[in-house]
Structures are given as structure tokens and as C-alpha cells.
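Student: Residues per chain, in single letters:
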Amino acid sequence: MSHKKIINVALIGNPNTGKTSLFNELTGLNQKVGNYPGVTVDKKEGSSKLQKNLKAIITDLPGTYSINPTSLDESIVLKTLLNSKSEKKSDVIVVVADIDNLKRNLLLFSQIKDLEIPTVLAINMADQMERKGITLDIKLLEKELGNDVVLLSVRKEKGIDELKKAIVNTYHSAKAFPLCNVNNRIDPAYFDRLKEINPKYSIYELWLMITHNSFPDTISREEKSALLNFKNNSKNLKKYQHKETIFRYQKINEILKNTYLVDRSKASDLRSILDKIFTHKIFGYIILDKIFTHKIFGYILFFAVLLVIFQSIFDWASLPMDLIDAGFANLSSYVDKNLPEGVLTSLISEGIIPGIGGIIIFIPQIAILFLFISLLEETGYMSRVVFLMDKIMRRFGMSGKSVIPLISGTACAIPAVMATRNISGWKERLITILVTPFTTCSARLPVYAIIIALIIPDQKVFGVLNLQGLTLLSLYILGFATAIIAAIILHKTLNVKGTSFFVVEMPDYKLPSFKNVFIDVVEKTKAFIFGAGKIILSISVVLWFLASNGPQSYKDVEKNITENVVHQQLSQHKINQMIASSKLENSYIGIMGKSIEPVIKPLGYDWKIGIALISSFAAREVFVGTLATIYSVESDDEDITTIKQRMASEINPDTGTRRFNFPVGMSLLVFYAFAMQCMATLAIVKRETKSWKWPLIQLFGMGTLAYICSFIVYQILS
Amino acid sequence: MTTIASLHIGELAYISEESLNEIPLKLLEMGCLPGAEVELIQIAPLNDPLYICVNGSHLAIRKETAAKIQIIKAK
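Going down the list, the protein sequences come from chains A and B.
According to the numbering used here, the first sequence is numbered sequentially starting from 1.
According to the numbering used here, the second sequence is numbered sequentially starting from 719.
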């Protein structure tokens, strides 16, 4: 074998085995994580140093129970594995298993082995063996499996070096032979004929190709049609698949009989006692589940959980958000006063600083949302929600699994759309993708937050509930309700075929690991900030340019005003204000805003809001940043105030009252609730549905709805 | 025909050999094998899906799937 310094290693395993934590542990934080927060839905890669001259490129594959796919997520795994002997080959595959469900994990392992790729079995959560009363004879297990086995405890950072050694050993020895030889047990003659068609591949690989119509990229057309031809003449594919699985379990039971023993009566420490209570048959699975999935209490609890989440977002985040807002306003004026006057200073104080402020201000709300989603998933409650909601969601053409994208959508539609990949029915998945952007994502939050703060009084109702918080909650409900109504319409009208299959594992209830939750929140928030941040910052700079440049009329502003007011008794301060305001009106962006003003006037908006709307079509949150830029260009530098104060003092010249009054505010809230204003989401929907048809339907459908509803709201209220 | 869909909460049964070819592959792979003990733990509101424990795995499946899996009730 030729000596090479970089090898490819793929991680594969059931969901909930700690595979992603292992990936983090091996590659550190400098991985190429999918750009978006959310569970492992995309191929993630990172590098890890195995030993002095040997580096590994590690790929984290989506979690799966078996190679045989029932969802898009799982077909990615199959595709990668079938390609593993081509140039994109994996030199070693690490199957991550957890000690508790070893039997079920070994099914996947046995399938991988039969692909005849060098494999390491890594058994995670080994630290829990003792208190769960499990004993495992590693030496014997290695012998029976004919494979390296490593015990790991990723949470405690144990066994990582041993795993690296095992990867290196397995790579050098390149042992690769099937574990089960299923062909001999089912219909040897049939499988011999299959092998004859194409001896280049192992029997199991050929078997997977014909059962799933999934082929390696390198296969020639003749080879492919020969296999398809063979498939069309086979009658018993399904029966053989069943036999195969049963045979695999027989083999696994045989192996585990002598190596894996469980004595549940042994156990210790406080955490494990709590864990023991949660996983106890009577308390955990009977009592807790009786409450969480109860016909009435289950829904009340779920609704209460949502209420707590949304109330917290508004309450906990408001103080840090105000501080951030004020902090950036101060920084901006400080820079303006202390740097020499000029284009660069103006770019920094009016373009870049407000732009960055517009990104940072998200952190409190996003972090709180991710914190709750992470907690719900870690504790195992999320699966119960799926169980509770499945029948209801099916009436709307979705699946219980659609609840997770819809809730994740409250953070960001991008990971939510990607999280639909584990929904097996195409129609259920498509509807979920199409309606998810109606849920209130965190990019809408800053918009809602500032408008609510302007038009809704900060009062308590019934002594406890905050009126502003309630308004926000109503907007969330509006978003969900619209998503549901849209889903019903799509369910009735879409003529899309596809069978769906639903099975959800209900994991043990467990106390969340606060370290895991913390890392999760930090990573997701970081990914979001840097992903969305680039768009926000670049748009801020473009806006600054458009607002501080213009055609000839822009350049003449100063001269005209100075000439016009020369005989009036006006203070220099007043004149400066008039110049700034007139300049904005005549700048490029002012011209853009004015040209759409006739269209948006019936909604109660002026050209300044028009500018914000235009830039929002790149990303909603830019609304706040845009207004910040517009008003900071406009305002006199002597009295820099926060954006909220600036918006509150904005006057509508037609009526002489506040621009952001109740009807305009409500109209804007409705517009932002419905309109599809996120380029990034449209791009993801295009990628996930493999067609421009669906994102265009979203863009125009949602846009029309937004316009009509805002029009009605404004006309009724004003 | 006795299937998982006809179990009462808390009732135990064994999956029979007869319906083997009707059991979706995915469920087989998750441990829903002939001979395995199955218990109905909870029925969701609106009577669907069903929450079962089979072969040590806790799973939620839809009623239409459950109705395909024949069982022998434990005495």
C-alpha cells in the first residue's frame, strides 16, 4: 500500500449515540461545520491529527439506524458509502455505537462490515456501563466481530487516543471482510448470479444498488443497466431484505450472548439515581409519559412550554438588547467626534458600526431560543411532542416530525428547512418546507421588537403578563396559524405523490448536560451570526453608500438650501438639519424609496420605510439596521440618540403626528409576518426541492398575502 | 386478526411469524422482530400514533403500520 499522509475517515452511527460530540472532539472547533445551525443534516468535514505524519479528514455522516434509507438524510449515507471505493473513498469507517442499545447499533455495524471497508467499532458512553450494570467482554467481542473495538466516553473525553490508534491500525492492516455473508443464508444461487454480473463490487454493495436504485458515481451505464435488468427479473427483493435483517439479528444475538451482560440492579451516584428514576419503567415511561403525552395535560404542557419560551425571549432579552443598542449609538458618536472628518470616518460611524450593531443585537434572543430548543431535544421531550402532534399535523398534510422544523423555524428558517430531511414522505416534507417561513424567525424579532416597543404600551395585564410580550405571542400564533392554513390549502391542492413512513424513537428522559447545551448554543449562535452577519454588514455598507451619494440634485442640496435660507433667521443647527434631510431625499436610496412610495402608501408607509422594505428583501432584520442608517445619516450629530428614540420622534408631514403610530405599526407587523423576505431561505428551498418553482411560489404567494393583509389592516385602523 | 393496533395500554404480546413480510423493513431493523415482546405504552390523543416498547426500543408508530403487525397476546 502506498504511503499517504492524509486519510479519509467517515463517522457513522444511530441518532443519539454522541457521534457529533465525537466529531467535535476529534476535529476541535476548526471544522467546516455546515453553515447553518441545526442537527447534523449536511455532510460535515474536519481534520484531525492521528499521529506524527498522519492526518485524517473526518466526515460526519447524518445519524441513521440502517443503510437502507427511508428519508433523504439516510440516502445521503447510502450514497456516500457506495461511493467509498471511488476516488472519494473512505479509508476507514468508524461506527459509533452506544453501550445501552448495542444490539440495535450492531445491525448498522454488520451492514457496514459487509461493504468490505476497513471499520472500527467505537462504543460510546462506556462510563455508564458500571452504573447501568453492563459488562462487556471486549477481547471476545473483537474476536467474534473480527474487528477493532474501542470503548469511548466522549463526554468525559476518554478513549479518544485509543480510537485514533485503532483508526491507524485498521488503516494499515486494511482488514475488510464481510461479517454476515447474508447471501449464503438466503438464496446462494441468486446471489452468485448477482455477483457474476459485476465482480468489481462486493455482493452486499450490488445488493444495495439494486434494492435502492442507488449507484456509485463511477459506475458505467452498461454496468448500471445490467444490474437494473437483473433487478427487474428478481421477485423476492423485499422478502430477501426481511430475511437479511432477521439473519443479521440472529448473528448479533449469538455474538452478544457471550460478550454483553446486563444486570440492572447495580447502580450508584446522584445523577445516575436521577437518571434511573427518569428511565425507570414505572416512573419514566409510565408516569412521565402519561403526563407529557396526556390527551389534555400533554397539550396544556406543550402550550405552557411555548409560552415560557416566548415570554423569556422578550423579557430576558430586552435589557441586554437595550444596552447593545445604546452602546453602539455611543460608539458611533464617539468615533464620529474623535476621528478626523471625512469619507472613511463617515463609513465607519454611519455604515459599519450601525451594521455590526444590527448583528450583535440578535445575540440575546437567538441564544435564548437555541437554549430552549437544545434543552427540549436533550431531555427527550421533543420526541414526545412529535408523538402528540402527529395525528393533528397529518390533517394538515404534514407529519409529527414537521413540528421540529416549525419550532426551529422560530430561530431561523434555513436550518428548519434542512431539518425536514428526516421526514420520509415527499408531500409531507414539501408542505413543511413551504409553510415553515411563516413561523416567526428570529430575524423578524428585532423588527417586531422595535415596532412593538413603539406602538404598544409597556404595561402589565392581569398583574403578571406583559402587554408587549402578549403582542409578541400573538404574532407567533399568527405565524403558526398562517402556516397551518397554508398547509391545509396545499394539502388539498397539491397533487404530489409519495408514500410516507413514520417511526420515531422515544429516547430515555434525561437531565441535559449543561456543557453540551452551552456548546450547542454557542456554536449555533456563532454560525447564525456569521452566516446572516455577512449579509447584514454588506447591505449596511451598500446602504451607507447609496445614502451618502446621489445624482447632481444631491450635490446641489447644500448650495440651494444655504441660498434659500440666507434671509431667514435660522440657527446653524436648524440649517444643518434641513441639509441632512434634503440630502437623504435626493440620494440614490431616497430616489429608490420614493419611486416605490405610491405602491406602499396605501399600507401607510413613506419612502423611508420603503427603503427599509427594499433592503429587507435581502434579509428581514436589515429593516432595523437600515432605519438606523437612514436616521443616523439624517439626524444631527450633536444629539445622537438610540434608534428607538429616533423612530419615535419621526413625524409624518401629512398629518403632523408620529410616523410610527398604531395603524402603521400594525400594518408593518402584518407585512413582516407574511412576506417572504429572505434570500438565504429562498436559496435553501431551491436546493432542497431541486426546483425554482417552489421558492418562487413562496416569494409571490407570501408577498401578495402580505400586501393585501397590510392594506386591510391599515385601512381599517386609520 | 390480532395486531399491535388492537392492544390495550399496558398489555403485553409477542410479534408473530405470520406477518413477517408485512412489517416495514425499518421497523424490523429497529428491533421489531418476530418473537420479540411488545408492549403498548401509550396511545396518542385522537388514537394515533401508538407508543410501543419492543425489544428494548421505545418507538412511536402510526396506527396503519401497527395494524399490519400480527401478534400473539401474552397470557
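Hints listed in this document are in silico derivations from the structure and should not be mistaken for laboratory results.
Note that CB positions come from ideal geometry on N, CA and C, so glycine has one too.
Be careful, since some hints might not be right.
Reference excerpt, derived from the structure (chain A facing chain B, CB under 7 Å, subset only) [stated by the list, open to error]:
1. K44
2. S66
3. R104
4. V503
Student: Each of the hints needs a verdict: does it hold here or not?
Tutor: Hint by hint, here is what the structure shows:
1. Nearest Cβ of chain B to the Cβ of K44 of chain A: about 25 Å, over the 7 Å cut. The hint is violated.
2. Evaluation of the S66 of chain A hint against chain B yields a held restraint, the C-beta minimum of about 4 Å falling below 7 Å.
3. Checking R104 of chain A against chain B: minimum C-beta separation of about 6 Å stays under 7 Å; hint holds.
4. Hint status for V503 of chain A: holds, given a least beta-carbon distance of 5 Å to chain B, under 7 Å.
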